[in-house]
Each structure stands twice: as structure tokens, then as C-alpha cells.
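Line by line, the protein sequences are chains A and B.
For the first sequence, this note's numbering gives the first residue as 1, with consecutive numbering after it.
For the second sequence, this note's numbering gives the first residue as 1, with consecutive numbering after it.
Everything labelled a hint here was simulated from the structure, so no lab data went into it.
Misleading hints may appear alongside valid ones.
Derived DMTMM-like pairs (lysine to aspartate or glutamate); straight-line CA-CA distance at most 20 Å [stated by the list, open to error]:
| # | chain 1 | residue 1 | chain 2 | residue 2 |
| --- | --- | --- | --- | --- |
| 1 | A | K15 | B | E230 |
| 2 | B | K49 | B | E92 |
| 3 | B | K308 | B | E230 |
| 4 | B | K23 | A | D155 |
| 5 | A | K116 | B | E5 |
Anything over 12 Å on all C-beta distances counts as not near chain B; from chain A, calculated [what the hints assert, rightly or not]:
| # | residue |
| --- | --- |
| 6 | T25 |
| 7 | Y125 |
| 8 | D133 |
| 9 | S268 |
Think of the CB as a built atom: it goes at the ideal place given N, C-alpha and C, for glycine as much as any other residue.
Each chain, written out:
Number of protein chains: 2
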Amino acid sequence: MAKKEFQQIQDIGFKSLIESFKKYTGFKRDNILKGIGDDASVSMQSDGKVSCTSSEVFVEGVHFDLTYTPFQHLGYKLVTAAVSDILAMNAEPEQILIDIAIPNKYSVQMIEQLYKGIDAAAHDYKVQVTGGDTTASHQFLAASVVCIGVAEKDDIIYRKGAKEGDIICVTGELGSALAGLRILLREKRAWQDNPEQQFKPDLQPYEHVVQRQLIPKARIDLFNALKDSEVKPHCLIDLTQGLVADLSDVLKQSGVGAEIYSPAVPISLEARNVADEMNEDVDKYAFYGGEDFEMLFTLPEPLVEKFKAEFDDFIVIGRITEAEKQLTVNTGEEHNYQIEIES
Amino acid sequence: MAKKEFQQIQDIGFKSLIESFKKYTGFKRDNILKGIGDDASVSMQSDGKVSCTSSEVFVEGVHFDLTYTPFQHLGYKLVTAAVSDILAMNAEPEQILIDIAIPNKYSVQMIEQLYKGIDAAAHDYKVQVTGGDTTASHQFLAASVVCIGVAEKDDIIYRKGAKEGDIICVTGELGSALAGLRILLREKRAWQDNPEQQFKPDLQPYEHVVQRQLIPKARIDLFNALKDSEVKPHCLIDLTQGLVADLSDVLKQSGVGAEIYSPAVPISLEARNVADEMNEDVDKYAFYGGEDFEMLFTLPEPLVEKFKAEFDDFIVIGRITEAEKQLTVNTGEEHNYQIEIES
Chain A
1 MAKKEFQQIQ
11 DIGFKSLIES
21 FKKYTGFKRD
31 NILKGIGDDA
41 SVSMQSDGKV
51 SCTSSEVFVE
61 GVHFDLTYTP
71 FQHLGYKLVT
81 AAVSDILAMN
91 AEPEQILIDI
101 AIPNKYSVQM
111 IEQLYKGIDA
121 AAHDYKVQVT
131 GGDTTASHQF
141 LAASVVCIGV
151 AEKDDIIYRK
161 GAKEGDIICV
171 TGELGSALAG
181 LRILLREKRA
191 WQDNPEQQFK
201 PDLQPYEHVV
211 QRQLIPKARI
221 DLFNALKDSE
231 VKPHCLIDLT
241 QGLVADLSDV
251 LKQSGVGAEI
261 YSPAVPISLE
271 ARNVADEMNE
281 DVDKYAFYGG
291 EDFEMLFTLP
301 EPLVEKFKAE
311 FDDFIVIGRI
321 TEAEKQLTVN
331 TGEEHNYQIE
341 IES
Chain B
1 MAKKEFQQIQ
11 DIGFKSLIES
21 FKKYTGFKRD
31 NILKGIGDDA
41 SVSMQSDGKV
51 SCTSSEVFVE
61 GVHFDLTYTP
71 FQHLGYKLVT
81 AAVSDILAMN
91 AEPEQILIDI
101 AIPNKYSVQM
111 IEQLYKGIDA
121 AAHDYKVQVT
131 GGDTTASHQF
141 LAASVVCIGV
151 AEKDDIIYRK
161 GAKEGDIICV
171 TGELGSALAG
181 LRILLREKRA
191 WQDNPEQQFK
201 PDLQPYEHVV
211 QRQLIPKARI
221 DLFNALKDSE
231 VKPHCLIDLT
241 QGLVADLSDV
251 LKQSGVGAEI
261 YSPAVPISLE
271 ARNVADEMNE
281 DVDKYAFYGG
291 EDFEMLFTLP
301 EPLVEKFKAE
311 FDDFIVIGRI
321 TEAEKQLTVN
331 TGEEHNYQIE
341 IES
């Protein structure tokens, strides 16, 4: 079949685009243990340690909306996203580099707020800002954030390590970031419909979910607890695309399936209230909402209780199965269903 | 004095903006030997080696123009720019991460050309593409490229090392990249003035300078020659902002001045011809034109001949002096002049 000469990216989607260009990896270096495909790349140092590097890009209007995102929060969130990827390798984040392209419409003061947010997060996560580039842009602000961390080679945890029988655990709670986004978008629409009105939305009742959307925290506490307890999960990933998407990638890379008990998936009361208000299914928020920056990990059953004694902000949501089961959702009622994992 | 509440970035310029936000460096890590301020950051590993990381952002219409830049060349140039920064630390580039934000107007095929250019350059420079993010953008393509390299701690060369009496050397030739840009912009204007005409500019006579603009090469040969000869320059920088801007930064960071002999600055015949055609001063191209990706380094006088025996594609253009001389340009005629270095 002849290829179309002008094939639009939306015809194939970004996922396929990335997949088809994965082969362009340049020169193969012996010390690169992992290139594209996990939360971060992993390269061997001569001292037995490895360094992990992740990179993410954020474009205004695609990944964030400055009509409701304070610059300081945006700065904080950029760092959270980058740091979270390194934590998801079970490595210690050490430095970040931030490239920012800034359009004229934003003031020096606004950009200073952005840097203050970056600085605050960098202090919280104990990472140093070691570089980056600041340049002009057209209409939209764009940022690219790189984080570099370090670990003993044997401490690294890949997505591909989940084993049949493992218990699936998630930290914190899921779906609140999407609930917060729903509220912010509703209030933005209300303002757009009545631009003359003095706009002052009452976000107080939604404070928790809005905060989860605007200034999510990376789970450095889990990283520290794993280190202290000397428990090493078989697999680890940060939940940024949504539980189903991220777990599916784990299953695909590990060559296994999973059964999850949907009533066990941790959801906050606040997220439930938002879903009720919107007449939506809160399970959808938890399953498909992204940007929670919680961690999913799998452990052999005997280690679950051991680890719980060290760190209690996680919950068991299911179990790794043979691959044939795909991603089976056990609802605790009659309508269980299966989500197919692409191979 | 009260600060203005909305100060436009162009009121202070990007250089001041970057300068004033340099303080937001987050948490200070002991193993970071150099943060912001050189071609790359430098962090210590436990094996006595260091890793160097650089990051640059490129925005369509600001840093490149796709009306005359083939996608494949753009890909190549992004990698050149990133690799060049690591070479400018005298470190060996090992891996790159490339974030790309792509607007709808470009096809899958175009983006594949971009990746092919990245791949080709990565092969030429022996670096592996280990990661990056590909995402949607609005109207303009933006890319951010990170390069990571490795070196023995004592091999790193900073901008701050130039010493009074050192000989200033530059590789290759300067100003051709700007000459190429001048030609491309002239032809673009000609096409914009007559959009109905079948546009096929004859770039053949300008091939050398156009290539220098579109697919510059990073000087990995200099890096290899320095390694083989065991000559270590006191200071090293890649020429991306222009000779005057880059040398000024060296002088400022080293606390010295310089005298350069302008007739010695290496300029190609092709760049001279373009300047003549444009009725412009070719010395301006060489002094203020950026993106040549040549290297400037300083050596104690006795080492110049020794190194010349190993590597001959460089030329002596002047000498490091006491700071008071600022940047003195000796024209070989009567109108010598001084360029002041900001402190």
C-alpha cells in the first residue's frame, strides 16, 4: 500500500507516532541500560551506580491553561512531573534543567512567579536547578523539564518486572486531579459565558481536588520508605496517564495480566462529590483521569504486610495474573469486564 | 523604587531575565560542581568522573524557519547544538533526549524526516537517543534538546579558566552561518514578493554558506585531538552567539581581557562574497554572527605549536591580556578599538 504523502498526525495519533519513530535511536551505547520506553532512561556509570534521566514537555493550551493556573503552581507542577518520573525508577532525583519559551503577553513578574514555583518544588524535593534555557516564543508558553537522578544499579525498578501472583498497590488516592480539572473548566466556562460579570468563583468547597490538579506532589515519601524498609517492588510506575493506561503499559511490558477490584480503588470523598455534581461516574475519574502523580507498585504477597508496617499510605487494589486475563475489572457485583491490552 | 506591575520582557531583555532568575536554583547539592553559567552543568559521580548536561530550546519562527529549512536538516542541527555544548566542556557526549511539540499543520512524513535527521546526527556523533517526549502544539513547532556527556573530573574545561598571556585560538572559520542565513532570507523575501512565480532559487553559488547555516557540524574532531595530544586548553567555549558575545563571556568569567587581531579571524571566501554582494562588512559576520559551532580555546603559548602538530584546523586570533584592556580589536591599521565587557 502506498503511503499517503501528507498523513495528518491525528490520523494515527501521537501514541502511534511515538511508537513508529522509536527506531530512530542513533548510535547504540553499551552503557545505556534502558533507552526509550520506561519512566526514564538508565545509564551505567563506572562506579556501579546508574543515572536516570527523564524529559517532558508542557505546552500552554495543550497541557496547562493559564486562565486558571497561577504561574507559581505551574512551576511547582513542572518539577513534580519531572521528579515523579525519576522516583518511578526508584532513583533519587538530584538535578533538573528547565527550558522555557515565553511569549510577550506575559510579564517579567509572572515569569518570576513561575521560577519561584520551580524553586519551591526544587527545595521540597531536594533537587538543584542546574540549567536550562529561557527564550522567546509566539503566543504560547512552553516548557520542557529534565530530571536526572541516581541509584545503585540493582535498586532500579522497571515497568517490565511485574510477576504473576504479585499484589498491586497504589499510594494515596486516584481521580482527584481530574475532579479538580472538571471544576476549574466549569468555572472557566461560567466566566466565558458572562465575561462582564465580576468573576469570583467559590472554590472553597472544592479546595482539595483543585489543589490536587494545580499543585500535585511527587511521592518522595514512598521512595524514602522503600529505601528504609529495604523492600523492593517488582515493578513501579507513576500514575500520570490514568490507572488503566499506566497499568496497561506495565502489563504489556511485563507480559502479564491483572485483576483489579474496583471497589478497592482509593477515591476521596471530595472527588466523589464532584462526580455526583457532574452526574458522572467517579470510577471513570479514577480509572482514566491522569496527573494524580500517585505510584503503582507490585509486591510479592508476603512483603505487603511487612511494608505496611513501614509505610501506610497505600492500598491493595488487585493482583497480577497470567497474560490471558488481560486487565480484568472485578466490580464486586455481576458486571465484571475485561480491558484488552494492546500487544 | 516601586516595581512596575506589568513589566514586559522586552523592556529588560532575555539576558537580564535569565540573569535575574539565576538565583532560583532550588536545593544545593554537594555533588553539583557547576550549575547554571557554563555550556553545561557538571555533577560529580562517585567514581571520580563527572557527568555534564546541557539543554537548549528551539522555537519555530524564533530559532528556525521551516520555509527554507528541510526537516531532516533541522533534526541534524538540533543534535549538533546539544552535542556542541558538551564538547565545549571537553566531555564526551553519550546520550540525548529530545522533546518535540508538533502542530497539526505538519505531516507524519515531515516529522519522520525530522527524526531521520536526529538519527543521522546521533550516529555521526556516536550518541544514543535515550528519551524525550512527543506532543501536540499549536501553530509552531518547538523542540528542546538535552545532551549528557561524561569526562574525568580533571579533564573538564570551564569558561572561567583563561589566563593572561594565553593564546586565543579558533577552529574552522567564522561568519559563514550568518552569510548563509542572509542568502536564505533574501531568497525567502524574493519568493514572498512574487508568490505566484515558480520559485526555484539558484543556491548553487552559495552552497557552502547555506550548508553552514542549515547543517552545521559539532567539532568532535577537536575533542578527539585534544584527547590524543593530551593538551588541555585553559578555557573552551563553542561559538554559538558570535565571537564577540562568546569571548566576552569568557573574559568576564575569567576576569581577564583580550586583544584580537581582526585580520587573523578566519573567514571563508564564500562568506566574503556574500558580504560583498550584500554591501556589508564581513568582519561583522565573523564578530557578531552566531551558530558557527566552531570552538574557541586558549592555550599557554608553548603548547600552540605542540598542538598544531596534532590538529591543524585552528588559527591564532589573539591573546589574553589583563582585564583593563577589555576586548581590544587590533585591526592592523590605525582604527583599533575596544569593546567593553559588562561586569
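**OP:** Please flag the earlier hints that this structure goes against, numbers listed from lowest up.
**Re:** 1, 4, 6, 7, 8
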